[in-house]
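Q: One-letter residues, chain by chain:
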Amino acid sequence: MSGGVDSAVAAARAAQAGHEVTGVHLALSRNPSSYRTGARGCCTLEDARDARRAADVIGIPFYVWDMAERFHADVVQDFVDEYARGNTPNPCLRCNEKIKFAAVLDRAIALGFDAVCTGHHARLEPVPVPASDASQAGHRSWPVPGSAGAAGGARLTRLTRSVDPAKDQSYVLAVLTAEQLSRAMFPLGDSTKDQVRKEAAERGLGVADKPDSHDVCFIADGDTRGFLRQQLGSAPGDIVDADGGVLGRHDGSYGFTVGQRKGLGLDRPAADGRPRFVLSIEPVSRTVTVGPAEALDVLEIEAHRPVWSGCLPPGGPFDCLVQLRAHGEAHPAVCVPGGDAVRITLREPARGIAPGQAAVFYDGDAVLGSATISRAGRH
Amino acid sequence: MSNVDATGYDPVPGGRPAPGGQVYLDHAATTPMLPEALEAMIEELAQLGNPSSLHNPGRRARRVVEESRELIAEAYGARPSEVVFTSGGTEADNLAIKGLYWARRAADPARRRVLAAATEHHAVLDSVRWLSEHEDAEAGWVPVDARGVVSVPALAEVISADPASVAVISVMWANNEVGTVQPIAELAGLAAEHQIPFHSDAVQAAGQLPVSLAGTGATALTITAHKIGGPVGVGALLLAKGVEPVPVLHGGGQERDVRSGTLDVPAIRAFAVAVQVARQRSGDEAKRVAALRDDLVAQVTAAVPDAILNGAPPGPGRLPGNAHFSFPGCEGDALLMLLDAKGIACSTGSACTAGVAQPSHVLLAMGADEARARGSLRFSLGHSSVQADVDALGAVIGEVVERARRAAR
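Chains W and P are the protein sequences, given in the same order. So in this note's numbering, the last one in the first sequence is 379, and the numbering has no gaps at all. So in this note's numbering, the last one in the second sequence is 409, and the numbering has no gaps at all.
Hints should not be assumed to be uniformly reliable.
What follows is a list of derived Cβ distance ranges for each label pair [what the hints assert, rightly or not]:
| no. | chain 1 | residue 1 | chain 2 | residue 2 | range |
| --- | --- | --- | --- | --- | --- |
| 1 | P | Ala302 | W | Thr192 | 52 to 58 Å |
| 2 | W | Asp221 | P | Arg406 | 39 to 45 Å |
| 3 | P | Gly251 | W | Glu46 | 28 to 34 Å |
| 4 | W | Ala341 | P | Arg406 | 32 to 38 Å |
| 5 | W | Gly204 | P | Glu43 | 33 to 39 Å |
| 6 | P | Ala146 | W | Ala115 | 41 to 47 Å |
Taking lysine to any residue pairs in the SDA-like style, the calculated list, with each CA pair at most 20 Å apart, reads [unchecked claim]:
| no. | chain 1 | residue 1 | chain 2 | residue 2 |
| --- | --- | --- | --- | --- |
| 7 | P | Lys342 | W | Arg107 |
| 8 | P | Lys342 | P | Gln387 |
| 9 | P | Lys342 | W | Ala110 |
| 10 | W | Lys198 | W | Pro211 |
| 11 | W | Lys98 | W | Gly119 |
| 12 | W | Lys98 | P | Arg409 |
| 13 | P | Lys342 | W | Gly112 |
| 14 | P | Lys342 | W | Leu111 |
| 15 | W | Lys193 | W | Asp209 |
| 16 | W | Lys98 | W | Glu69 |
| 17 | P | Lys342 | W | Phe113 |
| 18 | P | Lys241 | P | Ser260 |
| 19 | W | Lys262 | W | Arg325 |
| 20 | P | Lys342 | W | Ile109 |
| 21 | W | Lys193 | W | Pro165 |
| 22 | P | Lys342 | W | Ala15 |
| 23 | P | Lys342 | W | Glu20 |
| 24 | W | Lys262 | W | Pro236 |
| 25 | W | Lys98 | P | Ala408 |
Below, a sample of chain P positions facing chain W; criterion: calculated Cβ distance under 7 Å [said to hold, decoys possible]:
| no. | residue |
| --- | --- |
| 26 | Val356 |
| 27 | Arg406 |
| 28 | Ala407 |
By construction, these hints were calculated from the structure, which means they are not laboratory data. Predicted model, so just to flag it, every value in this text is computed and none were measured. Backbone N, C-alpha and C fix where the C-beta goes; we use that ideal spot for every residue, glycine too.
Next up, chain W with everything else stripped away, as it sits in the complex (with noise of 0.2 Å):
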């Protein structure tokens, strides 16, 4: 429970289930005075005491949970280090991915508890029956791997998106695995975010109105080249054009993201007076190569590290939708995998796509799987 409505009304809606429901509120701070002074992000007291009047009127018992040294292991440093090997990362996801549903399921489940409950807006949707002629659209028919065993049953179900367009989250969720996911529970999946937001008023929660977390959770004041400036130092480099011309300097390639207009610092317009957007970062040399709009389409991407949570790993091409970075639009392409990386042929050129960010699989709402985008180009 962060302390938000949306773990809120989670936690009430299981309670009301009938499940048996602790509240878990998650310490992630190391330094317990430093993510504390931002009005936002998930870690301030006013969150923790927000949470644990939630779980109150929920009538729920409640603990923190000191995950501090996990979240900077594997979620603050490993976004440091993508930033500094010119990828661009998603918290959320890796949070998610290494502490959610890793290690808070793994000591929940040690401890006796059969779940993570969150109120992410995503669903888990039965898995439609595999048909008997499977040969028209290899994957729709593949189910879910059994993770919950044979003996009790296989859980075929799969993520799919919430039936709110503007909140769902399965973008976040689609790097868990099937196993992962059979521990999981997202009881607001078939909800707005203004039905929930109701539902949490009338349960007298005082979280209803609470204004939606957008930044990331370890950067109060939202400065993110401030914060990954402080960690790692000032690390100048050219910012050239796409013929290697230089056209200024930087103080550290990890302040710019593939896409990026705004806050390229360049005091000379382009010859063509359009404006130039960063087309690819080179850590090792600190290269940032800018250009313009039409030189960011993108039609072949290149991913590493799949899960497939919502299939059996595909043993050939298939056509699917896939959603390059949070909130984007869901593109229709062709995926080849092969081995640990997956070929994404899109139909229509793209723009904007980071490596670093995941490229998530869906048929139709529902996720097949995820991968890690590695290399984007236009052929």
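Guided by the hints, dock chain P onto chain W, whose structure is given.
A: Same frame as chain W, but now just chain P:
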């Protein structure tokens, strides 16, 4: 909201009531109010009068305060004028440490050292730290042995570095975590040889052991009501005659010009009643509680053979109601949660920061490593404890430790 069950305990507000009723093994945190104290407090809450007022209602309130003061003074070897009422133990500790430091430093600027046991409660520990960070004091931590005892030679050694520079010494009567009882009379005697004011936080000891200001020759003792069956929010500094610490709270000077604030008459009356009842029962009650504690230790060590009893062995060197264990391979907060789910309330004993238990400074000072300090639990018994409480713990502690060990792997 809350529904008090047959045992008289409110089943954890906002929590599942335990199937067999609540088992309360956390009397060192707070102990239930004695019925006599509760009755007196309720009666007094309906009364009118500020004890500082000169009219009839004021005189009536003043009489209640002074009668209570006399009862408390008598119970703890003090004169009535040596009882300074406070809002509780923390305020009394702050007044003793800061007030005596300021007074001594004003009289002799060379007296800047504040000596305290490494295992003090945070009310003393953090007062000393604050003085060293903001008031030019020099903190001197007196080491303890593996049982948590401050020996006379250990204190003598710290003093001897420069006796003329010591402003005040504070050593707790009995430790709140591991229950170790200090040789207070000897330590106070040593301080007296050097004409150094000696304070002792007797919050945990006062309900369980004979505690006396005159009997030890201490300068000041801290006591609080809610550890002996009185209400939360009232305590006292027993302050030897003629000792004038600099006040921490300024205002009407109601208490010997050393402490200001309108006196809480109902709480003070209930405090005195609790002291009186506890005193009448003292010897037999301590034996009864110690016997329960001994059985608790036996049951826990039978179920978990590698459990380590921290602190002094059961006997005169340990509070009768205290049992404190380290469970190798466990996290204390996991044990606490699992026991809580079974309706058994206990404590990790150490301070929390935003709900996260910190490794106990007491155990670390006693030489334990961080893992042992983290994997510890305190069970504390009191006046309402019965054999069934101990048996309930004994029945589940083995499986709970087993499970917590799996979770820590």
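Q: None of the hints should be skipped; say for each whether it holds.
A: Hint-by-hint comparison with the structure:
no.: 1; hint: Ala302/P to Thr192/W: 52 to 58 Å; result: holds (56 Å)
no.: 2; hint: Asp221/W to Arg406/P: 39 to 45 Å; result: holds (40 Å)
no.: 3; hint: Gly251/P to Glu46/W: 28 to 34 Å; result: holds (32 Å)
no.: 4; hint: Ala341/W to Arg406/P: 32 to 38 Å; result: holds (37 Å)
no.: 5; hint: Gly204/W to Glu43/P: 33 to 39 Å; result: holds (36 Å)
no.: 6; hint: Ala146/P to Ala115/W: 41 to 47 Å; result: holds (44 Å)
no.: 7; hint: Lys342/P to Arg107/W; result: holds (18 Å)
no.: 8; hint: Lys342/P to Gln387/P; result: holds (17 Å)
no.: 9; hint: Lys342/P to Ala110/W; result: holds (16 Å)
no.: 10; hint: Lys198/W to Pro211/W; result: holds (14 Å)
no.: 11; hint: Lys98/W to Gly119/W; result: holds (17 Å)
no.: 12; hint: Lys98/W to Arg409/P; result: holds (16 Å)
no.: 13; hint: Lys342/P to Gly112/W; result: holds (12 Å)
no.: 14; hint: Lys342/P to Leu111/W; result: holds (13 Å)
no.: 15; hint: Lys193/W to Asp209/W; result: holds (11 Å)
no.: 16; hint: Lys98/W to Glu69/W; result: holds (12 Å)
no.: 17; hint: Lys342/P to Phe113/W; result: holds (14 Å)
no.: 18; hint: Lys241/P to Ser260/P; result: holds (18 Å)
no.: 19; hint: Lys262/W to Arg325/W; result: holds (19 Å)
no.: 20; hint: Lys342/P to Ile109/W; result: holds (17 Å)
no.: 21; hint: Lys193/W to Pro165/W; result: holds (10 Å)
no.: 22; hint: Lys342/P to Ala15/W; result: holds (18 Å)
no.: 23; hint: Lys342/P to Glu20/W; result: holds (13 Å)
no.: 24; hint: Lys262/W to Pro236/W; result: holds (18 Å)
no.: 25; hint: Lys98/W to Ala408/P; result: holds (17 Å)
no.: 26; hint: Val356; result: holds (4 Å)
no.: 27; hint: Arg406; result: holds (4 Å)
no.: 28; hint: Ala407; result: holds (4 Å)
In this structure, every one of the numbered hints holds.
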